[in-house]
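Peer 1: Below, each chain spelled out in residue letters.
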Amino acid sequence: MADSTLPAGGALDLPSAGEAHPEGERSGGWLETLHSWVTTVDHKRLGLMYIGYGVFFLLIGGLEAMIIRIQLLRPQNNFVSPEVFNRMFTMHGTTMVFLVGMTLIIGFANYLVPLMIGARDMAFPRLNAFSFWMTALGGLLLYYSFIGGVGLQGAGSAPDFTWWAYAPLTEKAFSRGHTADYWALALIVSGFGTVGAAINIIATTASMRCKGMTLLRMPLLVWLNLVVAGMILIVITPLTAAQIMLLIDRYLGGHFFDSQAGGAPLLWFHFFWIFGHPEVYVLVLPAFAIANEVIPVFSRKAIFGYPAMVAASVGIGVISLGVWAHHMFTVGMTSAGNAFFVLSTGLVGVPTGIKIFNWLATMWGGKIRFATPMLFCTAFIIQFLFAGLTGIMLSIAPWNWQLHGSYFVVAHFHYVLVGAIVFCIFAGFYYWYPKMTGKMLDEHLGKLHFWLFVIGFHLTFDTMHIPGLLGMPRWIYTYEADRGWNTYNMVVGIGGFIQAIAILIFAYNLVHSYFRGADAGPDPWDAWTLEWATASPPPAYNFAVEPVVASRRPLWDLKHPEDTDSRYE
Amino acid sequence: MEQNFLHRCRIRRAAYRWMLVFATAQAALGQPVQRIVDQTPTIFDPHSTPGNLIYSLSMFVLEITGAIFLVVGGLWLYVVVRFRQHPSDDTSEPPQVYGSTQIELAWTVIPILLIVVLFLTTARILFAIQDAPMPRGTLNVDAVGHQYWWEFRYPEYGFVTANELHIPVSSSKAPNTTHLNLLSADVTHSFWVPALFGKIDLVPNKENSMWFDPDRTGVYVGQCAQFCGTAHAKMLLRVYVETPEDFAAWVKSEQQSAVQDPAVVAGRQVFESQSCVSCHTIRGTAAKGVFGPDLTHMMSRDTIASGAALNTPAELKSWIRDPQIAKPGCLMPAMQLSEPQIDQLVAYLTTLK
Amino acid sequence: MSAVPIPIAQLPADDDWPRPDRGTVAMFSLIVAESAIFLIFVIAYVYYIGRSLSGPTPRQVLDVPVFNTVCLLSSSFTIWLAERAIRKRAMGAFTAWWALTVALGAIFLAGTGIEWHKLIYQDGLTISTNLFGTTFYSLVGLHASHVIAGILMLSLVLIFALTGKLKPEHGHRVEVLALYWHFVDAVWVVVFTVVYLIGR
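For the protein sequence lines, the chains are X, L and S, in the order given. Using my numbering, read the first sequence as starting at 22 and increasing by one per residue. Using my numbering, read the second sequence as starting at 59 and increasing by one per residue. Using my numbering, read the third sequence as starting at 75 and increasing by one per residue.
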């Protein structure tokens with residue numbers, strides 16, 4: 022697109038897309054290709070493997086969601102047994118958070134962070150490979166529970182105690198077999214992988230930036246992933262610690278959460294939510310990161326208030342460490358304790374609000390091109406606003422006593438996880454797929470995917486708030502016919518199917534465009550960050566010559582030498 | 059202040075009734091017979107002081123958040139419509155704006171002010187509910203969560219019952235407050251009757267509490283709101299709010315030992331010779347188990363299996379034959395009784411009025 | 075070959091572009107993550123002080139391990155001397171100080187082993203006895219497992235040093251490893267305070 026307008030002074034001969042992966046090209050057979058992928062330490066290949074792994078489990082987790090919704094279509098339905106239903110929602114939650122959300126965001130970070138800061142790889146390529154394979158092993162372990170969960174005493178299969186795994190339900194007395202063991206071990210293992218990836222991202226951003234890439238010139242995506250990596254260090258590890266305690270209880274006869282011996286289940290609640298709440302921001306900040314790249318490019322304007330966006334991200338990271346007990350308003354804290362968490366939770370809304378305003382201000386006065394990535398980001402803004410406001414409602418402790426544990430909460434956090442995070446991740450797919458494969462994703466299929474998904478999403482999750490207000494708790498495999506929840510559940514289920522169709526179209530698009538897509542060229546979106554300054558897909562070494570930058574938008578400077586960013590920063 | 063709040067809440071309540079009306083109509087269409095109460099447990103129809111306080115607070119918050127949504131959402135709509143690229147546009151880039159400290163300050167300070175307002179309002183209601191002193195004559199009930207049923211102990215009256223909580227109605231002439239001590243016998247549960255209060259968890263090794271003073275007689279439904287195991291969905295909850303006279307009569311009857319009807323002695327023998335007695339109590343007999351519901355006056359209850367089935371002889375029979383059908387995962391095993399034994403047993407149980 | 079333009083801002087490419095060392099950054103990150111794990115175990119320990127339903131209590135069975143503590147803390151000092159030696163390219167001194175560090179760490183571990191043997195066989199306190207046993211063995215054991223990991227890595231370096239494979243230019247990597255060892259020592263200060271001073 023814009024290549025022809027680039028000044029010739031910056032042009033360099035680079036291998037074309039086809040020659041970029043010499044290993045893949047010259048491979049004699051699939052075995053050699055497989056070997057090159059399994060043994061790779063290239064951040065781009067590892068990033069793609071993370072992403073592929075995430076998409077695979079997205080389909081699995083989606084299937085579990087469909088089973089849940091079919092069961093709840095009608096009251097007193099018998100599509101699956103209660104045991105299976107309980108496994109489904111536990112696995113759905115665990116899968117979507119740990120195997121889909123975490124892997125997709127780490128995958129994107131892995132692929133993009135080195136490219137965006139002009140580095141040739143991550144700081145520790147082999148640690149990177151190790152982290153990926155740990156994460157992959159964690160996912161396998163979790164799903165192996167379907168086969169291996171039956172312990173000596175029988176009574177077990179996949180985990181069936183909700184993804185909160187509230188002790189003492191996970192203790193030996195209430196959870197026989199190896200159900201809880203697989204759950205804890207799988208997440209400890211994948212947690213090691215996640216922490217390894219986080220350490221790598223921090224070291225990369227700290228030590229691998231190209232010349233001129235000062236901290237305040239880093240793309241916001243890199244900034245947000247840096248904040249997230251920092252958070253991962255201190256929020257995944259408490260969960261690991263708590264799971265070690267759980268395993269000590271289960272295997273060595275410890276009493277950490279054993280109420281019979283004076284142990285306090287309450288401690289598990291705290292440990293879990295010290296992990297669990299910041300985890301939401303660990304997932305949502307990288308989604309913001311994608312929006313931070315897509316919205317300016319498609320509005321044709323620089324991001325509004327870059328320093329404020331950086332400060333807000335760091336602010337969210339810090340404040341989110343002090344809000345965990347807003348998930349625990351119903352466990353019987355003192356009124357002062359409750360009041361504190363009302364306040365801290367409200368405050369975390371302030372930097373979040375700043376972000377929304379800055380995105381709108383970025384679009385303001387722009388020339389917005391509604392290509393598929395921008396469609397997803399536009400919907401994301403309004404949906405995230407809505408999710409934030411229901412979040413405010415939930416933070417009002419007395420009201421939370423009504424809303425907590427009901428379908429209102431389920432609707433709220435799906436609004437965040439799907440309406441914000443998944444929408445942004447889709448935007449990221451449409452935006453960077455050309456860079457990753459050298460082919461454009463099909464726009465027609467993309468728009469179809471978008472509109473179907475929007476319709477399905479709103480049918481499902483707007484409606485889902487209502488049964489919560491009408492007293493329907495979450496985690497129930499069936500419900501009484503006289504409670505007035507029937508129609509709502511039917512609509513929610515139908516919306517779920519529409520979303521499933523949209524996802525299948527997306528998956529088809531990924532495959533179809535790989536073979537049939539239009540050639541992307543190095544810079545199809547006329548964008549401004551460094552990853553667009555190299556071939557698509559980039560060669561193994563990313564940049565033939567290490568770039569030097571003078572502003573936040575090096576390619577803008579190059580394309581507009583008369584009006585460079587560096588004059589304003 | 060609180061009065062003011064309650065007043066406003068009454069005015070507004072009508073506006074939010076549509077949801078309830080729709081749900082109730084639907085419930086009536088869906089299930090015309092069988093049930094004693096056709097009722098949607100909604101948070102928009104509170105019937106106690108804490109319930110009303112929560113409701114009025116929620117309306118206040120809903121108005122603020124709704125206003126924010128309209129303003130910011132309107133802005134979003136304007137931006138999306140007004141600034142889209144038109145085919146007629148030239149290819150030039152729009153003017154680049156990098157930010158504005160004043161604007162950033164404005165949209166930092168305004169949300170902070172809103173948060174402060176919300177926090178202060180919330181704190182007031184929070185303290186009013188949580189730290190309210192219990193008046194003299196408060197009825198104390200221990201609510202103990204079990205996998206998957208509710209035990210209700212009335213320590214002041216010396217009896218225990220299950221799954222259906224009876225309490226007196228409160229009126230301005232005769233105020234009656236009920237205070238629940240929430241305990242757990244095994245895992246974490248959560249007590250949730252939306253019309254009376256929000257939910258509070260029953261956490262092992264922890265004592266929680268909740269109070270309400272219902273202003274209307276009737277049956278209020280709810281259910282366990284914290285996942286507690288396989289049969290969590292069938293851990294239903296019913297609260298019977300009665301006139302003080304009815305309540306006193308109910309207490310009197312509950313305090314009695316079980317009826318001994320010689321006509322059903324065979325059934326009683328079945329009960330006492332089986333392991334029924336290791337889990338259930340029937341006061342005045344050898345049955346003194348505590349792992350299952352107290353059956354001394356089980357015929358005074360409308361439902362069995364914590365609401366999973368109606369308390370009719372037919373349901374009772376099928377329940378005893380195999381509890382796992384009505385309530386899969388419940389801890390009561392099928393006792394492998396012969397059909398005549400089941401008939402005798404049900405005949406006995408139906409005398410436990 | 076197709077020409078793909080790459081932007082290279084025409085800046086005076088001065089060579090001065092200092093960035094932090096990646097090894098140090100990564101080790102500090104690891105230390106932050108590990109600290110969070112220890113923090114959770116410390117919280118559990120403190121929360122359960124005095125909540126055991128049965129004996130034995132810490133006061134009955136715990137002795138303050140002064141010698142052990144002195145050994146571990148002085149190993150931080152000896153490893154610092156080793157770091158200084160390698161910076162001065164004095165490989166002989168480095169090997170000596172490094173070996174002493176490993177020895178001090180091993181003495182600490184042996185001391186913990188003796189303490190646990192006494193607790194288990196004399197006092198009958200195991201990890202399943204009561205809440206004190208559960209939290210004590212978990213917290214002290216978590217620390218001891220870090221000491222073991224540290225000693226393994228230190229020993230590897232020692233072997234390299236003894237076989238002459240370790241060169242002064244590896245000094246930087248050795249310092250990164252020493253950071254970990256300092257962390258293990260610092261954690262002991264916390265564990266010691268919580269378990270033997272506050273909890274006793």
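In short, the hints are calculated from the structure, not lab data. Hints may contain errors.
Stated by the list, open to error - Which stretches of chain X does chain L cover? Using the computed rule of at least three CB atoms under 8 Å from a CB of chain L, they are:
hint, stretch
1, 99-110
2, 259-267
3, 304-315
4, 357-363
5, 373-381
6, 392-405
7, 577-589
To be verified - The following residues of chain S were derived to be distant from chain X, with all beta-carbon distances above 10 Å:
hint, residue
8, Phe115
9, Ala118
10, Tyr121
11, Leu127
12, Ser148
13, Thr237
14, Gly245
Every residue, glycine too, gets a C-beta built ideally from N, C-alpha and C.
Peer 1: If a hint holds in the structure, say so; if it doesn't, say that too.
Peer 2: Okay, the hints, checked on the actual structure:
1. 99-110: Check passed, 4 qualifying residues.
2. 259-267: violated (count 0)
3. 304-315: As far as the stretch 304-315 of chain X goes, the hint is violated, because 0 residues have Cβ atoms under 8 Å from chain L.
4. 357-363: holds (count 3)
5. 373-381: Per the Cβ count (6), the hint holds.
6. 392-405: holds (count 3)
7. 577-589: It holds: at least three residues are needed, and the stretch 577-589 of chain X offers 4 whose Cβ sits within less than 8 Å of chain L.
8. Phe115: violated, 6 Å
9. Ala118: violated, 6 Å
10. Tyr121: violated, 6 Å
11. Leu127: violated, 5 Å
12. Ser148: The claim holds: S:Ser148 sits with its nearest Cβ about 29 Å from chain X, beyond 10 Å.
13. Thr237: Check passes; 24 Å lies beyond 10 Å.
14. Gly245: holds, 18 Å
When each numbered hint is compared with the structure, violations occur for hints 2, 3, 8, 9, 10, 11.
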